[in-house]
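Student: Protein chains in written order, with the numbering used here: chain A, 1 to 78; chain B, 79 to 496.
Please keep in mind that the hints were generated in silico from the structure rather than gathered at the bench. Small disclaimer: the values here were computed from a predicted structure and weren't measured. For every residue, glycine included, the Cβ atom is placed at its ideal position computed from N, Cα and C. No false leads were slipped in.
Each pair of labels, with its calculated beta carbon distance range: (1) A:S37 x B:K471: 53 to 59 Å; (2) B:D134 x A:E14: 19 to 25 Å; (3) B:R259 x A:V41: 38 to 44 Å; (4) B:H219 x A:D6: 29 to 35 Å; (5) A:D36 x B:G380: 53 to 59 Å; (6) B:R290 x A:S28: 51 to 57 Å; (7) B:R212 x A:S37: 17 to 23 Å; (8) A:R7 x B:R259: 51 to 57 Å; (9) A:D58 x B:R259: 47 to 53 Å; (10) B:T174 x A:K77: 45 to 51 Å.
List time: in silico DSSO-like cross-link candidates among lysine-lysine, alpha-carbon distance up to 27 Å: (11) A:K9 x B:K143; (12) A:K62 x B:K208; (13) A:K62 x A:K9; (14) A:K10 x B:K143; (15) B:K148 x A:K9.
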Amino acid sequence: MSDTADRVKKIVVEHLGVEADKVTEDASFIDDLGADSLDIVELVMAFEEEFGVEIPDDAAEKISTVSDAIKYINDNKG
Amino acid sequence: MRRVVVTGLGLVTPLGADVETVWANLIAGKSGAGPITKFDASDQKCKIACEVKPADHEYGFDPNKRVDHKVQRQVDPFIIYGIDAAGQAIEDAGLTDMDDAMRLRAGCSIGSGIGGLPGIESESLILAEKGPGRVSPHFVHGRLINLISGQVSIKYGLMGPNHAVVTACSTGAHSIGDAARMIRDDDADIMLAGGAEGTVCPIGIAGFAQARALNCSFNDRPEQASRPYDKDRDGFVMGEGAGIVVLEEYEHAKARGAKIYAEVVGYGLSGDAYHVTAPHPDGAGAENSMRMALRKAGMGPGDIDYVNAHGTSTMADTIELAAVKRVLGDDLGGASMSSTKSAIGHLLGGAGAVETIFCILAIRDQIVPPTLNLDNPDEGTEGVDLVPHTAKKREVRAALNNSFGFGGTNASVVVKKI
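This is chain B alone, in the form it adopts within the complex:
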């Protein structure tokens, strides 16, 4: 069977715009949360977010590094974040000069949960105020979810599979899992895989707040708002950014002497078949997804040292936790589990990819990132090492990422040290 390894990483997040900066800030226990600056949020119930910082910030994002000026004008933020993160991953993998034969066998599987919401919002206002003749000719292709894959394939000449997953907050994990299968099935040797989101805009914040999903009670203490597993948790904090990996067939990577971070060994998917926003209270969907990923990996519960939880800082945290307890069983005590959403917020369609990258870095550096703000652990957390407040050095042979989305869609990805 063709094996799939990770040979490049790219990140744009509220804690930085390159992999090493994000990881250092995450391990140091920093929070990317703050008051919303992208628009006047004074009339919103939720006034905070984990925004990607501007270029002049200590760890801000400069879109001019890798995204053409004209493209920046035409597309929504999620595509800009995605193009940059994909560029980072390609550079990291040493693939900036692929020949024609390689490019024929290299593809993209980069998705988003929502896509170009800010642009849909602003162009709708132009339509209402000025009429259809003032709507941008770039409106459609500047907002479409598959246009990170489209833009990246055009920029780098990637002529293999061109795919884009849309499964809400499971998108990033499904994107990596699907892309790994494409390599395994011999559709490609190299896949850029991951997800991006950029929905910190009035209708995005209002929509999630109205769905009672966002934290609206910590507006005066933004850094404490995302508090997975804590008794006072009260909804997620919206994040934004992108996470993209280069996946590569193992022999292909070895033959060109590529740096190999980890192997993608397991992928599980399931549906809750229950409710559009709430997870099934018994957590069966999450459990089925994790069990499938472990079975595909040929691994037992004792092989998982770290779980990067979906853990959004909502009531659903303890449902996932109960499912993890059932899956890991007697081996629970040997594993650590944290929610990095406590630091970077919820990147929605980008979350699963960013968090899989954190699993990969945990394996590389043998350290697990913390769950911030876990001051008063909720009932049901007993016996689980949730890595409160500070990062923890420990052995990490393999790690599992969980991502769950509206519509009751679940994905789990297992990565392993090689």
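Pulled out of the complex, with its shape left as it was, chain A reads as follows:
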């Protein structure tokens, strides 16, 4: 669990160029971290690459916070 969270946070920091301490688990990508809809598409692609999971569009649309991403990955990774 914590391993997934750390790796997700690292990707978010790298892609969005935000300070690591702002990437809390309840942070919203759009409202708190300055992402736009295309940034989320890019983040989802990075999560897919990093964790070897498939995140279909309908699931990706429901990922709006850091914890949403961590939960989806933990529930679906092989």
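Following the hints, complete the assembly by docking chain B onto the known chain A.
Tutor: Chain B only, in chain A's frame:
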């Protein structure tokens, strides 16, 4: 008629990432050429370029100064160079705090010759290896040529004309000329104008080498490779970077007490109607462009003290030179002409803007930059002061920049001391 003046300058080039450093290095006769470091060029015919230097270099470029981290990740180098050079120009002009009314009347005309070639190359490889689902969602707008103008307008809130010229290696000169017209025509009071390029990537080098345009015979002596007008010239050396100016309506600039570098007084444009890569052998296109610029400026050949030549270090150099000889006629002996591509390489879509800035600085400092490596001047160069090897102090009242591009497109810009 509304007059157009230059009130801000910005440069990112192989000789530095700010105006004064670039100019000092250029006047000192330094070369920005070296072995390609951005990728493994060992299998390329051409292994050299004039690269923008990394941040830890003595005169390197630090993208973190003015370009947001997220933007850096999403866009190609030409856009990063452009955003930084535009920021320099805005700061230099004292326009970082424009009010709403000013921003409504401020626009962008910043182009590129090719645009985001490195990103097109790398994302195409991802498409082939991993499939369409791995192509970046930022692929398109991170590569488009008009996205320097787009990014700069968003960053600084510029709501006037948003324009981007694409005329190969004439882009920078056309961008400045078109923007000056927009101010003259009352579309805007302020225009960020210029060009940028960043195509030092495998397909960029290979493509120009295959077109027989690049120098491939000086790989072991990169600093000597760009040698305009020299008998041993053998193609251009690719450069990269950006040049952007703030153009401003004269009364507007005076009213706010802005520093005024020079006035943009003439702009000429023409087509060769001949060949996609080779200039017309009689140089008529170049001649028509220069003559139009002088006519628009209301100037005679005797008014031009300095010509910053297109002079790419190819066979075409002497065609341009012959055209300059015809245009300046009996006044040729009073003018100096140099090719600064001998020092910074060919910035393609950025060239005309960077070189117009060099014309402006020549007027400011009353000194003309040299043509490096001119050891054995070719036939036809007799009687022309090509400023070999070292810069020359002299009177510079007005200067003309020539830029010519693939497709047979020509542009000339005349700037004048004010």
